[in-house]
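*Asks:* Please take these sequences and the hints and turn them into a complete structure.
Just so you know, the protein sequences line up as chains H and V, in that order.
By full-length UniProt numbering, the letter at position 8 of the first sequence is numbered 8, and the numbering carries on one by one without gaps.
By full-length UniProt numbering, the letter at position 176 of the second sequence is numbered 176, and the numbering carries on one by one without gaps.
Simulated from the structure, these hints should not be mistaken for laboratory data.
Predicted model only: the values in this text are computed from it and were never measured.
Among these hints, one or two may not hold up.
Stated by the list, open to error - Pairs of lysine-lysine residues, derived as PhoX-like cross-links and limited to a Cα-Cα distance of at most 20 Å, are as follows: (1) LYS11(H) / LYS171(V); (2) LYS163(V) / LYS133(V); (3) LYS171(V) / LYS9(H); (4) LYS15(V) / LYS63(V); (5) LYS172(V) / LYS9(H).
As the list claims (entries may be wrong) - Looking from chain V toward chain H, a few residues come up when the C-beta cut is under 7 Å (computed): (6) LEU24; (7) LEU25; (8) ARG37; (9) PHE54; (10) PHE58; (11) PHE71; (12) PHE114; (13) ASP115; (14) GLY116; (15) GLN120; (16) LEU123; (17) LEU130; (18) VAL170.
Glycine included, C-beta positions come from ideal geometry on N, C-alpha and C.
Given next are the chains, with one letter for each unit.
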Amino acid sequence: MKEFKLENKPKIESGFKTPEHYFENFSEKLMQNLPANEPKIISIFQRRKKSLMIAAAILIMALMVPILYNTTANKELDEATLENYLSYQTNMTQFDLINVLESEDIDNINTTIALEDKTIEDMMATNPDLELLLNE
Amino acid sequence: MSEEEEFIQQLLNPKTQNEAFQKLLLAYQKPLYNHIRNIVLNHDDTDDVLQNTFIKVFQHLKKFKGESKLFSWIYRIATNEALSFLSQKAKKNGISSESLQNKTIDNLKSDPYFDGDDVQIKLHKAIAALPEKQQLVFKMKYFEELKYEEISEILGTSVGALKASYHHAVKKIEVFIIAD
Chain H
1 MKEFKLENKP
11 KIESGFKTPE
21 HYFENFSEKL
31 MQNLPANEPK
41 IISIFQRRKK
51 SLMIAAAILI
61 MALMVPILYN
71 TTANKELDEA
81 TLENYLSYQT
91 NMTQFDLINV
101 LESEDIDNIN
111 TTIALEDKTI
121 EDMMATNPDL
131 ELLLNE
Chain V
1 MSEEEEFIQQ
11 LLNPKTQNEA
21 FQKLLLAYQK
31 PLYNHIRNIV
41 LNHDDTDDVL
51 QNTFIKVFQH
61 LKKFKGESKL
71 FSWIYRIATN
81 EALSFLSQKA
91 KKNGISSESL
101 QNKTIDNLKS
111 DPYFDGDDVQ
121 IKLHKAIAAL
131 PEKQQLVFKM
141 KYFEELKYEE
151 ISEILGTSVG
161 ALKASYHHAV
171 KKIEVFIIAD
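*Replies:* This is the structure in structure tokens:
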């Protein structure tokens, strides 16, 4: 086996070469490419734009919550609530109701009810508005 | 203010930046090319990595705190870029970094930018058989002729450990060449 000592030998070069004028062209090319890579203002702006859009989306959704809540609340209003409201919370009187009714509506209401004379008498005695209605 | 601090100020000042960066480029492109080429071996890959290295240096200059020397900071970036390039390339080809390296060495003979003979190819093969850290130390000391103190700053390893690494590397290479 022959002796081989790396340190005793003349130095072995790596053998790597570069194309002709490589470094001249390289520095020129790189300097031209630098400004394009440099402006960070754009990237910051884009990042801000993104966060602004996220904030806007959240705001819109937050604003939509009460609207959605209200519309669902409206749907839940049932007949009984409406009736109670009309009877206790408004200034609507029987006269107003009568004025609103069409003759057709009155015909519909006008059904024969079998009533004892005594019941009619009692009603007339207890309902003070009845006299006014009869006058109409 | 030291000369280096002054130079860094020029690099950060938008008015003097371009001129200063050109100066940096001229001073570092050749040694960095050799440093990267010794790691990635092929010219085209070296060209890519060298470009990325300078662009990274340019972009991160603001973050350079002056804790280490500009020289070792730049070399560190180049080393990291070259090593991560290699592992990405190996991953893309679905092979280990080691077999990628051997494949690249086999292709060196037909590389127009390699004028070495069989001895040189054998040396590159012997180096490729070493652990990664020993490879780096050997290449930086033997081919690039950097001082142990400089290598120590770049790799963050003590001078004593580097000397031991280099010594082991030389021994293993000698054994490899005789055996082959």
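*Asks:* Look at each hint and say if it fits the structure.
*Replies:* Status of the hints after comparison with the structure:
| no. | hint | result |
| --- | --- | --- |
| 1 | LYS11(H) / LYS171(V) | 16 Å, holds |
| 2 | LYS163(V) / LYS133(V) | 12 Å, holds |
| 3 | LYS171(V) / LYS9(H) | 14 Å, holds |
| 4 | LYS15(V) / LYS63(V) | 19 Å, holds |
| 5 | LYS172(V) / LYS9(H) | 16 Å, holds |
| 6 | LEU24 | 10 Å, violated |
| 7 | LEU25 | 5 Å, holds |
| 8 | ARG37 | 5 Å, holds |
| 9 | PHE54 | 6 Å, holds |
| 10 | PHE58 | 6 Å, holds |
| 11 | PHE71 | 18 Å, violated |
| 12 | PHE114 | 5 Å, holds |
| 13 | ASP115 | 6 Å, holds |
| 14 | GLY116 | 3 Å, holds |
| 15 | GLN120 | 4 Å, holds |
| 16 | LEU123 | 5 Å, holds |
| 17 | LEU130 | 13 Å, violated |
| 18 | VAL170 | 5 Å, holds |
Figure legend: structure checked against the earlier numbered hints; hints not met, in rising order: 6, 11, 17.
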